[in-house]
Amino acid sequence: MPATPPMKGLIEIPRINLCRYASIHILAATKRCRALRKPEKHQEAAMPIQQVLTEQHVPVKIWTDDVDERSKQQLSNIASLQFVHHHVAAMPDVHLGIGATIGSVIATHKAIIPAAVGVDIGCGMVAARLSTVANDLDEKSLKKVFDQISRDVPVGRAQHGDDRILVDTARPFEPGLKALTDRHPQLLKAFGKFSKWTNQMGTLGGGNHFIEVCLDESGQVWIMLHSGSRGIGNAIADYFIQLARKDMERLMVQLPDRDLAYFPEGSAHFADYVEAVQWAQEYAMANRQAMLNLVLKALERHLPPFTVTTEAVNCHHNYVAQEHHYGADVWVTRKGAIRAREGDLGIVPGSMGARSYIVRGKGNPQSFCSSAHGAGRRMSRTEAAKQFTEADMARQTAGVICRKDKGVIDEIPGAYKDIDAVMANQSDLTEILHTLKQLVCVKG
1 MPATPPMKGL IEIPRINLCR YASIHILAAT KRCRALRKPE KHQEAAMPIQ
51 QVLTEQHVPV KIWTDDVDER SKQQLSNIAS LQFVHHHVAA MPDVHLGIGA
101 TIGSVIATHK AIIPAAVGVD IGCGMVAARL STVANDLDEK SLKKVFDQIS
151 RDVPVGRAQH GDDRILVDTA RPFEPGLKAL TDRHPQLLKA FGKFSKWTNQ
201 MGTLGGGNHF IEVCLDESGQ VWIMLHSGSR GIGNAIADYF IQLARKDMER
251 LMVQLPDRDL AYFPEGSAHF ADYVEAVQWA QEYAMANRQA MLNLVLKALE
301 RHLPPFTVTT EAVNCHHNYV AQEHHYGADV WVTRKGAIRA REGDLGIVPG
351 SMGARSYIVR GKGNPQSFCS SAHGAGRRMS RTEAAKQFTE ADMARQTAGV
401 ICRKDKGVID EIPGAYKDID AVMANQSDLT EILHTLKQLV CVKG
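Sequential numbering of the sequence shown, starting at 1, is according to my numbering.
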């Protein structure tokens, strides 16, 4: 099968008609949702930045005391780069990444670091509130919902069969990908086993990606899910990360970490990387919306009739965009962080057994108008798998219908930071609008 298969002849599965659920769409960045409740009083008091590293070209401002020395070194490495603008911001969920620290916000002059954007380009969250309430649910129906979602949305390495491809959603992405591969035919080899990008539209993936059915503080049901640009985004990212490394070697640029290799504006690959990353970010957002549609349809089969009562919140937390900060037009890379301009709505999830939050940004300039993207890991996947057991998983996810086997031990709540501590540490960045607790969690 060619790496960019033609859309001709693909069979479309029946798609959900969102008009039946009321108006649902991705919020414009500055649109406020008037239906959301006011923040609690304890959130109004701003907390100061808790640490500042000053030994490099620009300072690093950190919104937590809970940061290990290896992560500090990564942040310091980033701050040493001469094209980094004003300072580096580290969110309260900060933890070790590849090259760039997860939970970091990096503004750069006329350059982008592909590994800082990461391999899951456009990874993020989408959530929507339903008219369904707690009294409409019972354990039997929720187990049916879990099974139905697991059947309808491929997870882990699974993808849609050729007879279930979401044609209308995937088709608009074909011309852009073809233009990119015409200029970079090597990408066709890089795709390899990820060649069925059309089949992966509307699929979850594995790791920390999830689909949840939750209740908010008033007993209202929400759908929330976390995913990105799937295999195609990973292949694009890896290809350009390797190109950036080769460019640095050819130009004999000395870096504190080879994973901080970058493309300067005007260089041979800069424009193509920007085009590729924008393609993957749009694919990721469409992927989340497609899954939301599938999940709503799955719920329709097992719950009383419902409507979607508020617009969907769909936001990236691994991406790069052009923005204006501290008097300059810069490229802002959010690696495990969401945009939180004043009025922006966002989603900050906890772990499989903890609360999650719908938030509204306060537009704090010191964070480059950003927020944490979740709880953040406090231990590696390998360490978690060694330390915890299936019994631990069952105990820590009590009351949640989810996998509790050894295949998801690395996602156990105990492997993550305390989400409430994260939220307290960023009270100057966001206000909490809704508190969600999961009833169902589907993982790959």
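These aren't lab readings, by the way, just hints derived from the structure by calculation.
Careful: at least some of the hints might be erroneous.
To be verified - Computed cross-link-like contacts, DSS-like style, restricted to lysine-lysine with a CA-CA straight-line distance of at most 27 Å:
(1) 140 <-> 404
(2) 386 <-> 178
(3) 297 <-> 189
(4) 143 <-> 437
(5) 178 <-> 297
(6) 178 <-> 189
(7) 404 <-> 386
(8) 178 <-> 196
(9) 72 <-> 297
(10) 404 <-> 143
(11) 144 <-> 386
(12) 297 <-> 140
(13) 143 <-> 246
(14) 406 <-> 386
Predicted, not measured: the structure shown is a model, and the values here were computed from it.
Hints, verified against the model:
1. 140 <-> 404: holds, 18 Å
2. 386 <-> 178: Not satisfied, since the Cα-Cα distance of roughly 44 Å exceeds 27 Å.
3. 297 <-> 189: violated, 36 Å
4. 143 <-> 437: With Cα atoms ~17 Å apart, residue 143 and residue 437 stay inside 27 Å; holds.
5. 178 <-> 297: violated, 32 Å
6. 178 <-> 189: holds, 14 Å
7. 404 <-> 386: holds, 15 Å
8. 178 <-> 196: The given pair, whose Cα atoms are some 14 Å apart, holds under the 27 Å limit.
9. 72 <-> 297: Judged against 27 Å, a Cα distance of about 45 Å means the pair is violated.
10. 404 <-> 143: holds, 14 Å
11. 144 <-> 386: violated, 32 Å
12. 297 <-> 140: holds, 18 Å
13. 143 <-> 246: The given pair, whose Cα atoms are some 50 Å apart, is violated under the 27 Å limit.
14. 406 <-> 386: Holds: residue 406 and residue 386 sit about 10 Å apart, inside 27 Å.
Hints 2, 3, 5, 9, 11 and 13 from the earlier list are contradicted by this structure; the remaining hints agree with it.
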